[in-house]
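**Q** Quick note, the sequences are listed as chains A and B, same order.
So that you can map any letter, position 88 of the first sequence is 88 in the numbering used here, and since no number is skipped, the others follow by simple counting.
Here the numbering used here runs 1000 ahead of the position in the second sequence, where the first position is 1.
It should be emphasised that the hints constitute simulated quantities derived from the structure, not laboratory data.
Note that the Cβ used here is the ideal one computed from N, Cα and C, for glycine as well.
Do not take every clue at face value.
DEER-style ranges, computed between Cβ atoms [to be verified]:
id : chain 1 : residue 1 : chain 2 : residue 2 : range
1  : A       : Ala431    : B       : Thr1526   : 25 to 31 Å
2  : A       : Val282    : B       : Arg1380   : 44 to 50 Å
3  : B       : Gly1194   : A       : Asp361    : 28 to 34 Å
4  : B       : Asp1122   : A       : Asp79     : 56 to 62 Å
5  : B       : Gly1371   : A       : Glu115    : 43 to 49 Å
6  : B       : Asp1150   : A       : Ala431    : 53 to 59 Å
7  : A       : Val282    : B       : Gly1486   : 29 to 35 Å
8  : A       : Asp361    : B       : Asp1122   : 52 to 58 Å
9  : A       : Val103    : B       : Asp1150   : 55 to 61 Å
There are 2 protein chains.
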Amino acid sequence: MSDLINHRIRQSWTGDGAGAASLPDRAVRWLGQRIGPVGADRGRRADSVSNLADSALPAAAHEDLSALLGAENVLVDADERLARAGGLSYLDLLHRRLGDAVVAPDAVVLPASPEQVQAVLDLCVRHDVGVVPFGGGTSVVGGVAALRGDKPAVIALDLVRLDALVSVDEQSHVAVLQAGVRGPEAERLLGEHGFTLGHVPQSFERATIGGFAATRSAGQASAGYGRFEDMVAGVRVATPKGEWRLGVAPASAAGPDLRQLAVGSEGALGVITEVALRVRPVPTERRYEGWVVDGWAAGAEAMRALAQNHATADVTRLSDVDETAVSFALNAGLKTSALRAYLGARGVKHPCLLIVGWERDVRARQRVTAGVLRRSGALRIGTALGESWRHGRFSGPRQRDALLDLGVCVETLETAAYWSRLDDLYDAVRAALVASLGRAIVMCHVSHVYETGASLYFTVLTSRDDADPVGQWQRAKHAASEAIVGLGTITHHHAVGVDHAPYLEPEIGALGLSVLRAVKSAVDPTGILNPGKLLA
Amino acid sequence: MSDLINHRIRQSWTGDGAGAASLPDRAVRWLGQRIGPVGADRGRRADSVSNLADSALPAAAHEDLSALLGAENVLVDADERLARAGGLSYLDLLHRRLGDAVVAPDAVVLPASPEQVQAVLDLCVRHDVGVVPFGGGTSVVGGVAALRGDKPAVIALDLVRLDALVSVDEQSHVAVLQAGVRGPEAERLLGEHGFTLGHVPQSFERATIGGFAATRSAGQASAGYGRFEDMVAGVRVATPKGEWRLGVAPASAAGPDLRQLAVGSEGALGVITEVALRVRPVPTERRYEGWVVDGWAAGAEAMRALAQNHATADVTRLSDVDETAVSFALNAGLKTSALRAYLGARGVKHPCLLIVGWERDVRARQRVTAGVLRRSGALRIGTALGESWRHGRFSGPRQRDALLDLGVCVETLETAAYWSRLDDLYDAVRAALVASLGRAIVMCHVSHVYETGASLYFTVLTSRDDADPVGQWQRAKHAASEAIVGLGTITHHHAVGVDHAPYLEPEIGALGLSVLRAVKSAVDPTGILNPGKLLA
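All chains should be modelled from the sequences, with the hints used to inform the complete structure.
**A** Following this line, the structure appears as structure tokens:
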């Protein structure tokens, strides 16, 4: 979800506790004018879920798991199973709201240590039970869907009890965290030692260390702190063929970097139980600024100039004209009319908002970034917009709930490409989405920049087609994915899961797939690990 | 070979054309005092190589290869085969000097394009002939040894004719180079477009783009430009199961990063034919400085402070006390007595030389680096030492030839570890080498630094044991490798080849080995690719 719009909408929630969030009337009217019918009457919520099958976990497996972990850590009641019945994609949420038949795991299993995870896998091999590793459950690509594959039953292996900071090497700036630690808890644990990970994807509040590693997550501050895989010094992975530990040095020429096989393995090549991570001192200063540039092309050039001149801030992001307009339109707090007048006087016709934020060496680096931005024709708006973005940056999922309550079809998708293809990719994906959805808001931002290219993150809002709400989004997603193939990667940081699996072969080739299958056969010969994901 | 000593010795070669390089008498005397018998009388060179077997290439394979590439590109004469009969390790050179039986490839095959490489592989599968990909032939770990494995014959697949700059994407800063392009030619080709790779390992003058990628090379400016794998945007790889192309975006979450399997594959998982590389504008300014710090521990702390404060120069290296002493001792040009007096007056008892060099944003970055170094207690000596290091930085191999001419056993080995283990690793390797070799000079430098750790590069000089010259080094290398296991990586940038293969399992585990074997089976089911390397 667009972070810019998120924050504004979230502000209307202030003081709102559990559930029943709603958008301000002004925002609802504005949305209706842009995308068609929206309203509280359209936000159906099923009271119950239909057709939840009974647990198919074989009794012998249940007994063995209970003996291993204690009966209280092998859960088969409906609520627990439903709570791990998928992730947070639009279709996941839609199915739940519509009360559609839900595919839930046959049991939820709660090991407390890497050794117990290993023992659970050994046991599941013996009983031929599928295993879906489950962290924060925030996958938006079907990564935690409870698919059985060819197995008679499947468990959700919830890593919530692997919640420890195992060690901190203060000299090397390396900390080992267990897989089940969530973003905020990781920061709290590391903060006690004066360190931070600096990994702040939008899923930060719920997602886990193991999930970040398994999906090659990238946080909003990736320009400064790197992608999650850049932080991974080592991994401990449980597989049906035994435990695997990797990472004895910061870098090595001892053959291929197998850590990069574990990172991105999406639970299909092993269960990550511990991750050794490069950490950094907690920032003692921070500065976030908003800038405006005239038009998407100029904005992308500014981003490229920042990246290729080593002038990026820790957070470096650019909204396109539509995302910027939505942000301004829904922004009750900001004096947008004054801002518009200011920009108009400066001749800015198609404002695109840039957010830049520094978390170390602020003064010196701000000067470098600002110099490049000024030479790129950007105008500094000030710190209010920057700080407001920072405070609202995790609100997307909550905001999406509010939009779903109004009957809005709302989803995001993302990709990345080299700079020379970025404009084509942007145009192609936008065109595909608009052609598929008709009246829709399609917004985009660049949130991750590299010397050679950047990511594109699209947010789509349209009025839900009640006749075929699932097909409506499936067709749009397929059209966007087809537009991506050949120009960029099918996913920059959401991972493959189920949704992107059909597009993996065009990206890595038939040989790439056969290599991944060979690796899977080597570590998981009977195929119990996360059936149907990555290598569907 | 130590770069510091190299430069000084190389200066005595000035004007020396082919062969017959010699060290100054003063240096020879000094060495003799330190390591025992050395002298021109001890540097035997065999006039001819004994026991070169006739080519075992089956006639049918020879015919098919000739039909494919032209007879002039399938060479079986002794000179051509001997020229690809191994790399440049001490033992490689020693064997040649002693006229030992040489294992040479049965033919040298010279394809001119990625398509021809693919066709050669297909043909070698059909004839069951082993294939050793051959670039610059600079491996110091046996990576290009002409081992047959279980095959009746083996060819050297020399990539010298894959010498093109395929494309330059000026907007994305990505250039595609063919595998056979050597370091200087790559820089010349890129320079025509205003770009540089910035990859300058000591093998730069002879080594190739394909070799850099296949071995996870790291250049002397890795602190600024990154390791070679950091530059790799994409690869094109020929395998017995067909061609493989990877790399559609700067970063991706579409499963494991398979580029990192191709990088470091050492010819055992495919033949890299083209590499898409991140390039940077040619520097318009440069500054190299020498600094001195008191003692190894303080030096390592200074390096750590640079890395963890984002204050590294593009070249950031530290010599230990012995390497610094050798540099001073053999330095005829530098006023070392004046320098010693200066350092003495400043209370520096155990000088360790630091070289820092910047190639962009020099003024601002120099200030940052210098600030951290000063706070670490380092003293700036000036630019003369820095520039002198820069000019001599590729002279190691030539200098080693001169030492071999004197009967010196001279070799290097390298590793890397997290900062918290670096001192232990340093002590353990030094102790192992000294215990094995007795009277020896063991020098070390840090040439690659990371936030979490650093590399250690050891140079060893001792008097050759003429009774058992091979065993002398094998025992020392084994002792050093055993010391490394458990503390660091068996190789930071020299790769695995034959020499490090026994130490791969302790580093990546039995499961890691089985994963690599599974990948090999998927791409090279009959095992024709580089037999006996990486996965010996």
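**Q** Indicate, hint by hint, whether the structure satisfies it.
**A** Verification of the hints:
1. Look at A:Ala431 against B:Thr1526: about 47 Å separates their beta carbons, and that is not inside 25 to 31 Å.
2. About 32 Å separates the C-beta atoms of A:Val282 and B:Arg1380, a value inconsistent with the hinted range of 44 to 50 Å.
3. Separation of B:Gly1194 from A:Asp361 is about 29 Å and conforms to the stated range, judged on CB atoms against 28 to 34 Å.
4. Remark: the range hint 56 to 62 Å for B:Asp1122 to A:Asp79 is upheld by a beta-carbon distance near 58 Å.
5. Here the CB-CB span from B:Gly1371 to A:Glu115 is close to 47 Å, well matched to the stated 43 to 49 Å.
6. Distance hint check: the CB atoms of B:Asp1150 and A:Ala431 are about 55 Å apart, consistent with the given range 53 to 59 Å.
7. Against the hinted window of 29 to 35 Å, the Cβ-Cβ separation of A:Val282 and B:Gly1486 comes to about 32 Å, which satisfies the hint.
8. Distance hint for A:Asp361 and B:Asp1122: a CB-CB separation of about 54 Å, consistent with the stated range 52 to 58 Å.
9. Range check, A:Val103 to B:Asp1150: about 49 Å between beta-carbon atoms, so the 55 to 61 Å window is missed.
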